[in-house]
Amino acid sequence: MKPATVLNIVVVAVLLMAPYWLNPYWVDVLNSIGLYAVLALSLNIILGYAGLFHMGHAAFFAMGTYTTAILNTQFGIPVLWLLPLSGLAAGAFAMIVARPIIHLRGDYLLIVTIGIVEIVRIALVNNVFGITGGANGIFGISRPHLFGHVIRTPHEFYYLIFAFAAATVLLFVRLENSRFGRALNYIREDDTAAEGSGIDTAHYKLVAFVLGAFWAGMAGNIFAAKMTIVSPESFTFWESVVMFTIVILGGSGNIRGVLLGAFLIIGLPEVFREFAGARMLFFGAAMVVMMIFRPKGILPPRARTYCLDFLPETPKGIGR
Amino acid sequence: MQLFLEQLTNGLAVGGIYALIALGYTMVYGVLKLINFAHGDLFTIGAYLGLTLLLSLGLTDHLGPLAGIAVLAAMVMGLVAVIGALLERVAYRPLRTSPRLSAVVSALGASIFFQNAVMLLYGARFRVFPHDLLPTTAITLFGVNIPVMRIILFATSLLLMAGLYAFVQKTRTGMAIRAAAIDQGAAKLMGIDVNRVIMYVFLIGPALGGVAGLMVGLYYGQINFTMGWVYGLKAFTAAILGGIGNIPGAMLGGLLLGVIEAMGATYISMAWKDAISFLVLILILIFRPTGILGERVADKV
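Line order of the protein sequences matches chains A and B.
In case it helps, the numbering used here puts the first sequence at residues 1 to 320.
In case it helps, the numbering used here puts the second sequence at residues 1 to 301.
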């Protein structure tokens, strides 16, 4: 077996066993890490693969969470049934808001997405359409049922989130190497050349947005189930910054890097909780230092390599 | 009509503050193509330094309120400028040739650092400025009550902006800044020390942002360690509104945003105030992506 495969098996085994050694507090920390990992992976499609400067992912997360919260509390639909619906709501929202802004360049897109997340948050605070519960949010979301079993404790949620994250990773690995994934990479590296090669860049960018939003919406569903209370405070610009930082610091475009980023950004502040106020000071300084020494992130993606053996003969002077 | 004029003056006063902060964003962006996310926190630092100096030196007692505050503002500008230059040296210069987003994360890290440094030094609670420093009276102009404070605020920001504009347009250093903003490589070939230009930009921008912090402290009377985020975001919006990288654009964008916000809060809804300014921003970017005064730039080839 390749070393990477062994490492993967060991990491998955350790994560599967982890709750047996940890108290509920630390399992809950792992749950947060898992949710942020899924969110960051979904942002990675937009930011990492397609290279679109998107700092408003919390808006899509909020759409999913509130869809679950409203439909569950108003109509009593079981939480996990709403998983695809939350994703669809977030995806539809992304399609509406992303379409007019998809052509914007780099930093302009960044500021517009920041604007969107702020508008969504203000709309939630102001109890838009009278269904979001204003600044207090919505409470009393029911616990998820799975095969007749109620998921309630952090340990039980751990396996739900773990399964969701694992499915996400497996699907996104496939996505990364698909025709779609390669097209997104091409757009990231050179928009104009991609367009010239027959890739409908606007369409692919939009699909990347919708797909990322769909997944963030589903993460929102699990988040709502876990918290049972949702409020606008969970969807500030700051949340978007956290997701953004996980992707860039971990290694944008690399699934392993993003997962590592989630562990570092969400986990480390918890580890150093005893240092109270000063920990965020060091955290900020560490972000600066990390970027200076690893500007492409801790684990940047490896360049794609293709085997040329199928060619009948390699002409002289063309290396592999 | 009276309400309209009152809100107009209010909007212009607040817009002047936005404009001063926006100038820091736009100058840095012009030269480095970097969004300096720590700029809002330099603004906060300016407010806190202003409060500390105000309380400890007692300048206003010796020199009278106006002269005292002018000296205080100069000191704040100097100190924040030094912090800004240090920030560039430590957090941005090593990332000059790295991918764009690494510098953005470095800036976010610096922002978290500053915000928490201020919180640890001064505490998380709101701090209050002494409120009897400046005249609280209002003068009546064409039947509209305008607080003197508002006029001082607006005049100060106009004065600083005019000073900056003259500096950038008339001096050799200003010319170097404009040249570096247009094309760094060509500027280097013309014998311009681009590193020095970047240092100047990081002295001037934070100085203006810092003094804006002091002005907010004096105008609203209270400051908090997280206020830099909101003001930073608004000012950045203003910079984009006017056309980022464009100095007169930042001034216009700031004033415009201040007025839009004041009008939105009055005539539409107070609770939706912030959403309105972001909505205007998004609309501007959709229909005129380079801002009001920005020139259309071709995409990279």
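Don't read these hints as lab results, they were simulated from the structure.
Please note that the accuracy of each hint is not assured.
If you want the ones that stay clear, here's a sample from chain B, every Cβ over 12 Å from chain A, calculated [as the list claims (entries may be wrong)]:
| no. | residue |
| --- | --- |
| 1 | Gln-115 |
| 2 | Asn-224 |
| 3 | Val-230 |
| 4 | Ala-239 |
| 5 | Val-280 |
Keeping only pairs whose Cα atoms sit at most 30 Å apart, straight-line, the calculated DSSO-like set for lysine-lysine is [as the list claims (entries may be wrong)]:
| no. | chain 1 | residue 1 | chain 2 | residue 2 |
| --- | --- | --- | --- | --- |
| 6 | A | Lys-2 | A | Lys-296 |
| 7 | B | Lys-188 | B | Lys-33 |
| 8 | B | Lys-170 | B | Lys-188 |
| 9 | B | Lys-188 | B | Lys-273 |
| 10 | A | Lys-296 | B | Lys-170 |
| 11 | B | Lys-188 | A | Lys-296 |
In this text, a Cβ means the ideal position worked out from N, Cα and C, and glycines have one as well.
* Asked: Okay, which hints does this one fail, numbers in order?
  -> 1, 3, 4, 5, 9 and 10
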